[in-house]
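Each chain is listed here by its residues.
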Amino acid sequence: MFYVALRILLYDKIRSFITLLGVVFAVGLIFAQLGIFLGLMETSSVIIDHTPGDIWVTSKNSKNFDFSQPFPEYLYHHVRSEDGVQWAEKLIVTWALIKQKEGGTEQIEIVGYNPDSGVGGPWEMKAGDIRNVKNGNFAIVDESAMRRLGNIRVGEYRDILFRRLQIVGISRGAKSFTTAPLVFTSYKLAQGLVGWIGPDNTVFVVAKAAPGYSVATVVERLKKRLKGVDVYTKEAFSMKTRLYWAVETGVGFSFMLTILISFFVGMLIVGQTIYNSTVEHIKEFGTLKALGASNFEIYKIIFSQALINALAGYLLSLIITILSVKIYESTDMVMVVKGWVNLLVLGLTLLMCVSAAFVSIRKIKKIDPAILFRG
Amino acid sequence: MDKPIVTRNLCKIYQEGRVEVTAVSSADLTLGEGEVVGLFGPSGSGKTTLLSILGCILRPTSGSLMLYGKEVSDMSEADLPFIRKKYISFIFQGFNLFPALTVHENVMLVLKLKGVKGEVAERRATELLTEVGLEERIDFLPRDLSGGQKQRVAVARALAADAPVILADEPTGNLDFSNGRKVMELLKNLAAERKRCVVVATHDNRIEDIFDRILFMEDGKIVREKRRSP
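Going line by line, the protein sequences match chains A and B.
Counting from 1, one number per residue, gives the positions in the first sequence under our numbering.
Counting from 1, one number per residue, gives the positions in the second sequence under our numbering.
Hints listed in this document are in silico derivations from the structure and should not be mistaken for laboratory results.
Since the model is a prediction, treat every value here as computed from it, not as a measurement.
Some hints here could point you the wrong way.
Taking CB as the label site, the calculated pair distances span [said to hold, decoys possible]:
| id | chain 1 | residue 1 | chain 2 | residue 2 | range |
| --- | --- | --- | --- | --- | --- |
| 1 | A | 3 | B | 146 | 23 to 29 Å |
| 2 | B | 193 | A | 10 | 36 to 42 Å |
| 3 | B | 62 | A | 3 | 42 to 48 Å |
| 4 | A | 18 | B | 140 | 24 to 30 Å |
| 5 | A | 323 | B | 143 | 22 to 28 Å |
| 6 | B | 30 | A | 363 | 33 to 39 Å |
The beta-carbon is built from N, C-alpha and C at its ideal position, and this holds for glycine as well.
When you get a sec, could you build the whole thing from the sequences and use the hints?
Laid out in C-alpha cells, this is it:
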C-alpha cells in the first residue's frame, strides 16, 4: 500500500511538490524556532552549566543568574566549613560599561572568578590562559564579543568603568542570553571594579559536595544553616535561570506560539492535499472496498501518503536546518540541532501529517456505495 | 450443490424524508454457475440497487440473500468485506482504475488484497491481462488506453479477485458498440470457461443476445424473465 501511495503522490507532481514545500516550510520553521529557543536557553545558563561544582548559593529570591544581588562574603566561610562540602569558591557577576576604541560605550557582563581554581572562569580559551587575570588589571574577553566590541587582541587595553584593563586572553563559547559581551576578570578586581558590590560582599558561592555526600543533603544542610540567601543544586539554578527567561519574559510563549502555528499550518496543507486526493480517488477506493478491501487496507494508503509527505518534508527540512546553522552563528545566534531535538521534530512532523490524514479517513469510512454505480 | 446466488422475497426500501421509496420489491432469484444474466429496465427501475444488494454493498431491508448457501443478508458491516472478498467481483461503467497505477499495477493491487504476493502476483496479473488481450499494454497508464481497453482492464481486475460471482453495472455504458460487444463476449467466454456467475445491469438492447437469461425490472420488481432458446 506504501507503493500505491507513493505512485499516487508521484502522479500528481505539482500538487505533491506544493505539499512538500508546505511541509518543508512548516517543519523548517519548527526546527528554527525550537533550535533558536533552545540555543537561547543554553546561553542563559551557560556559565552555571560550565562551572564545576554542584551547589550555588545566591542572594535571597534571586530570579536568575544575571540579576543576583551581593550578599556578605563571610557566608562563604560557612559554606566551606559545612560538613559534606569539599570546596567552595566565590564568584561575582555584575554589569559594567566598556569604552569603545572609537569612543562610546557598550554594556558588558563581568564575571569575577578565582584565577587559581578557575571556578566560574572561561572553560575554553582561544588565546591566553585563565590564570593570566591574576594580580592586576587584567581581563579575558570572549570571542563572541568581537562583533560588539570590535576586533580585540591580546595585549591591548580597554577602559571598563574608568579603569584601564589589559586584555590577556580570548575565551570561546561564553555567550550570554542578554547578548551583552562576557568579560572575565579576577574575583578581587571585579569586587573593586563595581562600587556597589562592596569589598566584603560576593554575588555567588559555588560549592562542591564531598565524595560520599549527596548533593541534595548538603543543599538541605546549607539551607538550614545560612540565613538571608538561597541555596540551589546546579541543575535547579540552571533551570530557574532558563525558566525566568523563557516564562517570565514571555520569550518562551512567543517561540511556542510560532511552533504551534507552524504545526497547524503544516497540518492544514497536508490535510487539504490528502483530502483532495482522497476525494479525487474516491471511486477507486470505493471499488477496492467493493472488491473486499477492508477500510483498514485503504487507510494504509491514506496514512502512507501522510507518512511519505512527513518523511520527505522532514528530511529536506533537516538538511536545510543543518546547512543554516552557520548562517545563524554568523549573526551571533545559537541554534541547537541535537539528536533529541531532531527526534522531537520528527515526532511532531509525523503527528502533524498523520493527524491531517484523519479527515480523509472519515471520508473513506463513509463512502456511499452509490457513487460506484455512477458513470 | 449450492447455487452462487439465491434470493427470497428481497426488498430494499429507502426513507426519503417522510416518504418511503421501494427500490427493490420481492425479488426471488436463483442464479447458477456459468450463467450470464442480464438485468434490464429503465433508469430508476431498481437494477443497480439489486446489483448492490447482490454484491453485499447495500443491505436489504428484508428478505434473504444466500451466496453459495450462506445467508449473508443479516451479517454485520464488519463481516461483509470478507464475504465480498470471497464471493464477489465488480465491473463498473466508469472503470474506476487508479490513474496513477499502470494497467499491470491496477490488477496487481487486487491480487495483493487477496493475499497473492511478489512474483506470483506479477505473473498472475500478466496472465490475466493477456487473457483479456492487453499483453501489449501492461505498462500503460489508464489515460493512455481507449474506453474498451480500460473496461478490459476492469475485467482482468475482476478476474484477479478470483470471485465466483461477477457483477457488472453498465459495463458497455461508456463504450461504442464494437468495443462494448467485445467486452461482453469476453465476459461470456470467461463465465463459460471458469464457471463464473455473471450478472450485468444494463439497458443496452444491442447486447441482449449475449445473455443466457434476461430479467426485466420495473419499479423495483422483476416483471418478466426471458431465457435464451437453446
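Evaluated hints:
Range check, residue 3 of chain A to residue 146 of chain B: Cβ separation about 27 Å, and the 23 to 29 Å hint holds. At roughly 38 Å, the beta carbons of residue 193 of chain B and residue 10 of chain A sit within the given window of 36 to 42 Å. Judged by the Cβ atoms, the range 42 to 48 Å given for residue 62 of chain B and residue 3 of chain A holds: they are separated by roughly 43 Å. Distance hint check: the CB atoms of residue 18 of chain A and residue 140 of chain B are about 27 Å apart, consistent with the given range 24 to 30 Å.
About 39 Å separates the C-beta atoms of residue 323 of chain A and residue 143 of chain B, a value inconsistent with the hinted range of 22 to 28 Å. Taking 33 to 39 Å as the suggested C-beta distance range, the pair residue 30 of chain B and residue 363 of chain A conforms, at roughly 38 Å.
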